[in-house]
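Q: Sequences and hints are given; from them, build the entire structure.
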Amino acid sequence: MFRATLATTACLASLLVAAPAQAEPDDAFPTVCGDRRPSDPAPGEYGMQLDGSFRHPALTPAGEERFRFPGGAQDLFPKTKGYDPKSYVEGPIKVEAAYRGADFTPDYFHTWQNIVDFDGRRYLFQYDRTEARVYDVTDVRKVKIVEKLTGKDWKSADYWGASTIQWRDGHYVMIQSFEQKRQVDQLGDAVERTKFHNPSGVKQLRQETTFKGFKVYRLDGPRRKDWKLLSTVTTDPTLTDPKPGVQQGSGSLDVPYWTGGRYMFIAVAPLDTWRNTEVPTYLYSPGYQAWDMSDLKRPKKVGEWHRKGQVAGEEAAYAKNPRCGNQTSWMGARMPFFVSGTYGFAAMGGYGLSILDISDPAAMKEIGHLDLPMSVGGTEADNVDVSQYARTGMVYVSGYPLGEDCHEPYKDVFQVDARDPRRPRIVGTLPRPEPAAGARFADYCQRGGSFGPKRSGSYTSPGDPKQGLLTYAFYNAGVQFFDTTDVRRPKRVAQFVPSGFSKNVPDYALGNQTHAVYVEWDRKIVWVFTNDGVYAVSSARLLGAPTLGRPAAPYRNSDK
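Residues -23 to -1, 1 to 537 (mature numbering (1 follows the signal peptide of the UniProt record, and there is no 0)) are what the sequence shown spells out, left to right.
What the hints contain is simulated information worked out from the structure, not anything from laboratory work. Among the hints, erroneous ones may be present.
[To be verified] No more than 16 Å apart at the CA atoms, straight line, and that leaves these computed lysine to aspartate or glutamate pairs for EDC-like:
1) K285 with E343
2) K501 with E411
3) K277 with D197
4) K468 with E411
5) K58 with D441
[Claimed, not checked] Simulated restraints, written as ranges between beta carbons of each label pair:
6) E185 with G78: 32 to 38 Å
7) A339 with A294: 20 to 26 Å
8) K58 with K443: 45 to 51 Å
Note that CB positions come from ideal geometry on N, CA and C, so glycine has one too.
A: Pasting the structure below:
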């Protein structure tokens, strides 16, 4: 875990002067604004208030350690290592099934999910790089594991990348992202292992031969043996050969946006010069590319876009951002566009929200931009929920917490009015989750772990999202359900909060509780993914009566 060391930085600050990109050795990482890292807040600057609310610190450096405050989780739950062992259900929610333990936890911190249907059976994929599971979820209450993959099942540097799966020409087609790991802090020999102070780690990371780009597969069944590789595409424009070797840039990040049609959009920093970002463990500032997928065996790049300030040579624009020099903030894309119609909503971390006209992917252009209130540390502008945009003109923009015990600013879910995409504006926030009746704590900051929104689900899920309903994975607040039917008065209507402590989970992962939610809109089932397993929940009132058995029709969203 990264932890800022101000003393080490002080003696090096004078050496960290930005130089022209062409003059830099490949083992140095430039700073633009020097060292402006925030200090840790004093204990009196955050904590429980007399009215039972929690005061968040205004500004914090990067860090993921635990922090103790009077009345906090370590005082309330000492027998369970400072984490609440109870589970809570509030509102019209029914827990249909719970599957706990290692077989349902490929990774404690994050997983991706997809649904496919073969021969009348429904399968759920859950994976993160080399750790993966394939479940038969046809009967929601009797889920079966049909494949379990671990590191030994993959060739060197190969893994299951974050994927979109769509129906194309009579087959499921899966496009997987492959990217450089975000791990400067795990390499090198410097005392302080950030990219700004760890030239040996930077050099080592740049020399790795991890494939960077995307792969296209045809799926003939639900298991890995059923994949047929159609193409392997590097995102390094200086190369045409995708064989293993040193590549520039980040590769394709997170789930590509592709719905089975002609064009695909990915988040990517194609070259090492796309670098202007403050996050201490990552070398790139990703923008976006558009690809023509007419021929799945020969995808062609047709367009590229980044915001001014992201690339070497644009330091003057970058320096205008108030985050410049904080050596904490993620600056750039983490996810591809969130698409509604001909608009691509770009969540760009500390760069804020950009709205692009993507009607011509070869000439993508920004038509609107919104700077978001600073919320440092943690991740800013990561997710945009566009499921309500066509009806209301509203999108919901959020980052997510990285620290524990609320030792960072709260991550609001901003309600953004984008009816005029050239002038987006914040018009509200979703309500802050509150503990269920009977909880021993007055605020989720007292429960132990991270507290705040992660993401609101996946655009690749079967069926159509329900208008007026949002579901968010909220870490130690479980999954939260919001009613946005009245855009002037969004409200929380239900929550399912799994146990915050399990003997199955190692101490270092206990704080990373509910980190993903995936909704089968067609069967009206909400899958909840935690550091200790998978839950299936339903709500007849909010989603409609669930189907717990075979779906009425296979998932074929792109075949409509």
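Q: The structure should be examined with respect to each hint, and the outcome stated for every one.
A: So, going through the hints one by one against the coordinates:
Of the supplied pair hints, the one linking K285 and E343 holds, its CA atoms being roughly 11 Å apart against a limit of 16 Å. For the given pair, K501 sits about 25 Å from E411 by alpha-carbon distance, which is inconsistent with the 16 Å threshold. With a C-alpha separation of about 25 Å, the suggested pair K277 and D197 falls outside the 16 Å cut-off, and the hint is violated. For a cut-off of 16 Å, the pair hint linking K468 to E411 stands: about 12 Å separates their Cα positions.
Annotation: proposed proximity of K58 to D441 is violated, straight-line Cα distance about 41 Å (limit 16 Å). For E185 paired with G78, a C-beta distance near 33 Å keeps the hint of 32 to 38 Å intact. Between A339 and A294 the beta carbon distance is about 24 Å. The supplied range of 20 to 26 Å therefore holds. Between K58 and K443 the C-beta distance comes to about 38 Å, which lies outside the given range of 45 to 51 Å.
Checked against the numbered hints given earlier, this structure breaks hints 2, 3, 5, 8; the rest are met.
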